[in-house]
Amino acid sequence: MSALPPGAGLDPAVARRATRLWLVVLAVIGALLVIRAIVGTEVGTGDAARTVHGFGMVFVEPSGQGFAEVPAAAWADAVAQDPAQQRITLSWPRTVGVWAAALLTLAVFSFLWRDNPFYKLAESIVVGVSAGYVMSVAAWDTLVPKLLGALAPGFTKAHLMPALDVTATDWWALVPLVLGMLLLCRLAQRTSWLGVFPLAFVVGTFSGWKFVQYVESDLLAQVATMFDPLWVPGDTLAATIGGTAGAVLILVGVLSVLAYFFFSLEHRGPLGGAAKVGIWYLMITFGASFGFTVMGRIALLAARCEFLFDRWLWLIDPAGNH
Amino acid sequence: MSRSMAVLLASLAGITMVLSKFIAPLGDAEVKVADWFNVLAAIAFVLGGANLLKMNLLAISARGPGWGYSAVTLCAFLVTLGAGILKVGVPPAAAFPAVPFSGEKDVNGSALWWLYEYAMSPITGTLFAMLAFYVASAAFRAFRAKNAAAMFLLATAFVVLLGRTYAGVLATSWIPHDNPWVSWLRLENLSAVIMSVFTNAGTRAMIIGIAIGVAATSLKIMLGLDRSYLGGAR
Amino acid sequence: MTPAADVATPFFVEGRGAIAIALLVVSAAIIGGILWARAGGRVKVRRMAGLDAVDEAVGRATEMGRPILYVPGIMDMDNIMTVAGVTILGRVARTVAEYDAELEVPTSRSIVMASAREAVQSAYLAAGRPDGYNPDRIYYVSDEQFAYVAATSGMMARRRPAACFYFGCFYAESLILAENGNAIGAIQIAGTAETAQLPFFVAACDYTLIGEEFFAASAYLSGEPDQLGTLLGQDVAKAVAWIAILGASVAGTVVAAFLGAGPVADGLAALRQAMGGGG
Amino acid sequence: MSRDPRLPSLADRLDRIDRRWIFLAMFLAVAVPILWVGVTGRTFPESPTPAVQGAFDAVESLPPGSKVAISMDFDPASAGELQPMATAIVRHCAMRGHSICAMTLWPAGGPIIDATLKDVLGARPEYRYGENFVSLGFQAGNEGVMKQVNADLSAAFPTDARRTPLADLPMMKGVRNIADFDLLVSVSAGYPGAKEWVQFTVSATLTSGKPLRFVAGSTGVQTPQLIPYYPTQMVGILGAIKGAAEYEYLVNDAVRRADPAASIPARFQEAQRRMAPQLFGHVLMIALILLGNAVFVARRARGASA
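Chains as they are written, first to last, in the working numbering: chain A, 1 to 322; chain B, 1001 to 1234; chain C, 2001 to 2279; chain D, 3001 to 3306.
Read the hints as simulated data drawn from the structure, not as lab findings. Worth double-checking, as some hints may not be accurate.
Said to hold, decoys possible - Incomplete in silico selection of chain A near chain C, CB under 10 Å:
1) A122
2) M135
3) W209
4) V212
5) P233
6) L251
Where is the CB? At the ideal position from N, CA and C, for every residue including glycine.
Whole structure, please, built from the sequences with the hints as guidance.
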């Protein structure tokens, strides 16, 4: 394997080799999918059991105003009872969706190998879709209820959000509207100086807010936890010694880590010693935090693998989806 | 001139917020301000969206390398925005059949739901999952016992990793669990001790330091000493 | 929203004495530090290797003709870490302007983009290079965390910045960015107060500013007396906290081990409750 | 050095190993056990830690019919870790006959609540919406909402997710503020989440005469930040998928003790199933750390610059 970092490859010979390599990878993936389809999957039980060669399929049945997903086994059962039934059907949008999701998943993983057109495609899609998504959410969840709903409650309730719980106009909503308009003045060169006022307002208010919040719930409350006695009697001598040692180690740790954060004194002499112990505590904290996080990250990878193996390839079926 | 006014505005706004925590009639200022900020951030999307359009349109018109990806981004953005704002494929809410826009914007089956479920969610989820690979690579490279501090980092990560699996439980299962003098050495207990003593102390002290750092930063903003977020470099 | 005022509500919120005192102490310490520095008092600040390396990193990027990446976190301006990140950006941008290097700032929020542009533009102005400022290199990507990461990682793989700075509020993206920066051989300097992400920056970056150090960075980089005075003030506040912690611990121990239940124990419990330290 | 410096030693080569080999190893360590467990259906037993036992006991010890509020503050990106927790806790509450009130402060949390409630309560006809369980849905405002629910729940959530006013829901009779619940659970992936619930809601009730019992479920990365609040401000913590697996085990164990013949549906063993890739992933991480240090020591012994 070459040690080339991802993205390097402007040399045409390298680029040609990379293209060939990608063709091979794609051919292998394609062949595996064909084999998967030929092998097929048995869905349904008893008399309804049948082998299907498709996978990554989603079946739906009507439910309320829309459709609900049902396991492939339910479809097999329904077809076994009545081959002409139209209640449980294959959902093309959802099936295409599962395949799109699976291919996009592979495209993102391909970045681990190196930057490549598939990753770039996935990247372009996610940037566009997510920006559009967050803006839609902001429009419907914030602008409509909190701005339009506050300033024009009658119109909003009649046409957009009948369930909105407002009756009278709330003129306070003009404040963010004016601030927002000032911010948008940045779009034009001549008026862009007005854009600093909303910035000043936001940063100012939140600095006041966070000032009190952090001093209250982090500084004061954490100092207050240190009222815990150092002497911790337990049921047994071992418990007493253990509890007391723990309490003393906590105190030593808090004081020495704080000592590390002193800026106006060089880390020499007793302060230097304390700061060094402080660093050790910090490193233990980071090590533990790292260890805990690894767990979560592996779980996420497992979830993606399960998606590929379960919902797309139908290799496993732990939750009885097909 | 406008900058000085802006700094004054920041100070007044900050001081008002501080006072609101102590003066009862100002008590609901926080909720209001949080609402205002959300609305402002929503309006600011016009700035971000305009920038996104501009950057991608420039890239497309320049036909530089990779302009096709810009076109994809642009299409994905406009399609999603259109689907979301116009609630494409969203039936009216059951309670209000006469109001066409009354349904939830991302109800199961709608266009926005499809884009979220099958495009955005798998990509972002996979990017998140790639961390599993990166933690492995970082662990191999960075966790080396170069000095005492690194040794502590390494040893703790090791114990926690081992203690959180069945393997760790097996590895120290020979230590009697009913002898209080040694039972804490069992890996699953040892990682709990690390968490409740060392991590507890380290986190507490960091939280205290951070609170003081936030206080200093906020005060500097309210006093007008830090103004570079407004372009007021000195 | 407002309940009917059938009982006269007091003008001041009750039970906020302890927090008021704490705010006054912290404010007095920091303002005192500023005044001390203004009056010509000497403020010595210990070295912070991570910040001393900023110049070196920018210089190296200039030599190699590669851009410099600056990420001000992924949160909005209502987060103090983002404000600190933008402030540090102002200082870093000044160095970048002096070296005439190329700066790249992808942001995850529209308002942060606006603020970062202000900070960078005025830094270029202050450095005497207003022409070097290019607002198009400070751009909005997406509010979605991982969409932002996808675009920034891709950009890193293609433009190969020689120096990466991460100053602000970070979540899971910290390690993705830092590992990708590592793979392209960039010098990386990070700073955050998001304690959960510090291990990853420590593992994958060359230098990491931990917690309060991150908030001290802008003052340190500016080198102005006012700013250094705030560091002194922070230290005074920390010293008070240090003594309070020691005092609390001793008091708690004496009460628990020797005095037992009684008026002193009640007083201590009341004090603890007023400070919000639970039961 | 006695060897030809142009010939890199094994340690040198390992030191410069292409990280993609590590990626491949990690992929295999996770993917193979998933397939193995998926095919055989076997899981590992768990031994619950005190923090998880505390959470379990908090639900177990409440008398049937108690009111439990659950805030599902996460999005699909963290569902891998947190969904099994949310499912297990809701299921445990349902087994004990508690009333469940779900809410979320994350915009993407609404569908998660619906799916969880449907998944667990769908097969329990005795659970009727509005009487034994409600979903308040999503409310924007982060800490602002948490402060509001301290004083007045209906100010923060005027209606439930189905736009029914709270006053019209039988289950919400007698619930004026959050402290009227017997237990608050937050399953959270970050901000706002368990930490904020402690700071703004639970802490506020500690002085009000009726302390609110609080259980947190959290991602691995957030768990260390919650440790300082346990056990004073929170009675239990479920940390990461391991915490979820332990809780699931306790719940499933309770089911089996009540009825030894009961079969546990696969979807209620999700976290336990996930522990197999965890085990191999962790072992790989440990091996990588050991290998990294072996390489480091070997190269240092040879005098190579690190």
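Status of each hint after checking the structure:
1. A122: With Cβ-Cβ at 7 Å, under 10 Å, it holds.
2. M135: Holds, about 8 Å.
3. W209: Result: holds, 8 Å to nearest chain C Cβ.
4. V212: 7 Å, holds
5. P233: A/P233 check passes; min Cβ-Cβ to chain C is 8 Å, inside 10 Å.
6. L251: 5 Å, holds
The earlier numbered hints are all upheld by this structure, with none contradicted.
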